[in-house]
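Residue numbers (my numbering), protein chains in the order written: chain A, 1 to 325; chain B, 1001 to 1100.
Calculated from the structure, these hints are not laboratory results.
Be a bit skeptical, because a hint or two may be false.
Stated by the list, open to error - Lysine to aspartate or glutamate pairs mimicking DMTMM-like chemistry, simulated, CA-CA at most 20 angstroms apart:
#: 1; chain 1: A; residue 1: K31; chain 2: B; residue 2: E1067
#: 2; chain 1: A; residue 1: K27; chain 2: A; residue 2: D41
#: 3; chain 1: A; residue 1: K27; chain 2: A; residue 2: D2
#: 4; chain 1: A; residue 1: K31; chain 2: B; residue 2: D1069
#: 5; chain 1: A; residue 1: K23; chain 2: B; residue 2: D1069
Stated by the list, open to error - Simulated restraints, written as ranges between beta carbons of each label pair:
#: 6; chain 1: B; residue 1: G1098; chain 2: A; residue 2: G155; range: 28 to 34 angstroms
#: 7; chain 1: B; residue 1: D1075; chain 2: A; residue 2: V36; range: 17 to 23 angstroms
#: 8; chain 1: B; residue 1: E1048; chain 2: A; residue 2: P34; range: 34 to 40 angstroms
#: 9; chain 1: A; residue 1: G205; chain 2: B; residue 2: R1068; range: 34 to 40 angstroms
#: 10; chain 1: B; residue 1: G1098; chain 2: A; residue 2: H154; range: 26 to 32 angstroms
#: 11; chain 1: B; residue 1: H1095; chain 2: A; residue 2: P251; range: 27 to 33 angstroms
Virtual Cβ for every residue (Gly too), placed ideally from N, Cα, C.
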Amino acid sequence: MDFKDYYSALGVARDASDDDIRKAYRKLARKYHPDVSKEADADAKMREINEARDVLSDKEKRAAYDQLADHVARGGSPDGRFRQPPPGWDEGYEFHRGPGQGPADHADFSEFFSSIFGSRGGMGGMGGAPRGPYRERGEDHHAAIEISLEDALHGAERQLSLRAQEIDAQGRPRLVERTLDVKIPPGVRPGQYIRLAGQGLPGHGGEPAGDLYLEVRIAPHRLFRVEGSDLYMTLPVTPTEAALGAQVTVPTPSGARVDVSVPKGARNGMKLRLKERGLGGKTPGHLYLLIEIALPPADNDAARAAYQALAKATPSFDPRLNLGA
Amino acid sequence: MRAVTTVIESAPLTLGELARAVGAEDQWVVRLVEVEILHVDTPSDPPERWHFRSADLQRALAARRLERDFGANLDAAALILDLQSELRRVRALMHAHGLA
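Can you make the complete structure from the sequences, with help from the hints?
Below, the structure written as structure tokens:
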């Protein structure tokens, strides 16, 4: 794991003011926002600057990070690699959210961040608490879980490893690792949240723990692309099948194979719909097949003759008619 | 440890639960409904009877980030979120037609 320089991620100096950090973040966020950015690594960059902003815009986290950076600079890590924070590095710091800082959603933060601030498997781990007797329900946390399309369809059990910072009996923060078995119900869709009651941060003074919310993401699939509850698949057909119509067999995400009629005169980009063969749920999505005409190679005499015969048989066919040339 | 899991769709969130999930006050969620970042089926019902689903949680989290990271007010956040979902809809449509 490499030590992450959050100051250079935002392009600011070590003594940058809060305002400098805010301005630098906003400028970079506009450049790398995945919805608008043309940069190839926009997603990764956005995660990096989000993480840097999260640390540097919080006084306590920034102070703790600075101390750690000094330690590394003094040779705490001879080969330049960062393994884990030195023992006791965070003494005297308590990480907690100030009012208005928003949700602790560190779903995409790095392993380096987790090793310092105690968040892993996407779980936000800040949330130390002020000492002393008081009552407060534990905070809710957010994480993301990526599952395969097959798991989304059929449901699955997944093990999630979480590391969070908790406050021990002496009021000192410590990292606690735990493993959760998460049941993914069948028919879950991307963007849906799974709620794990009582799996957020522990409460104080006898109050209940918060909840953990897992945002469902679906890993890219070799054949099917997911759009909401609908699935899309490219269906290659031969020119003969497209022109004359055909019955072809296609795989479906459930594993079953189904016969599909390609209509006569099918064109590139034409969409065929297999009703309710998409992702499940109350209103199941559909599976769309996008026709893509594949040309047989003209790599032998018979194939070349067949292409020539086709040209002879369709003398008035001019695909460039509309070009007016 | 075996955790009890529920998809929000099968047990929608109350106003208080949504507020807690995004680290905000109840009144902030009411404001999201007022500026139409969130839509409830029965806005004339008292807020305690409103229910929210995954898409609402996603939008509320996004609004919270726009507010926190850019100092956006909620009316501007509403416009940004609408433009963002329109952009994603158009891109999905382009994908579906093999144009992107």
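Here is how each hint holds up against the structure:
1. A:K31 <-> B:E1067: Holds. A:K31 to B:E1067 sits at ~18 angstroms (cutoff 20 angstroms).
2. A:K27 <-> A:D41: holds (16 angstroms)
3. A:K27 <-> A:D2: The hint is violated at about 25 angstroms.
4. A:K31 <-> B:D1069: holds (14 angstroms)
5. A:K23 <-> B:D1069: Roughly 10 angstroms between the alpha carbons, so the hint for A:K23 and B:D1069 holds.
6. B:G1098 <-> A:G155: 28 to 34 angstroms: holds (32 angstroms)
7. B:D1075 <-> A:V36: 17 to 23 angstroms: holds (21 angstroms)
8. B:E1048 <-> A:P34: 34 to 40 angstroms: The hint (34 to 40 angstroms, Cβ to Cβ) holds, given that B:E1048 and A:P34 are roughly 37 angstroms apart.
9. A:G205 <-> B:R1068: 34 to 40 angstroms: Given range 34 to 40 angstroms: violated, Cβ gap about 28 angstroms.
10. B:G1098 <-> A:H154: 26 to 32 angstroms: holds (29 angstroms)
11. B:H1095 <-> A:P251: 27 to 33 angstroms: Cβ of B:H1095 to Cβ of A:P251: about 20 angstroms, so the range 27 to 33 angstroms is violated.
Checked against the numbered hints above, the structure breaks hints 3, 9, 11 and satisfies the rest.
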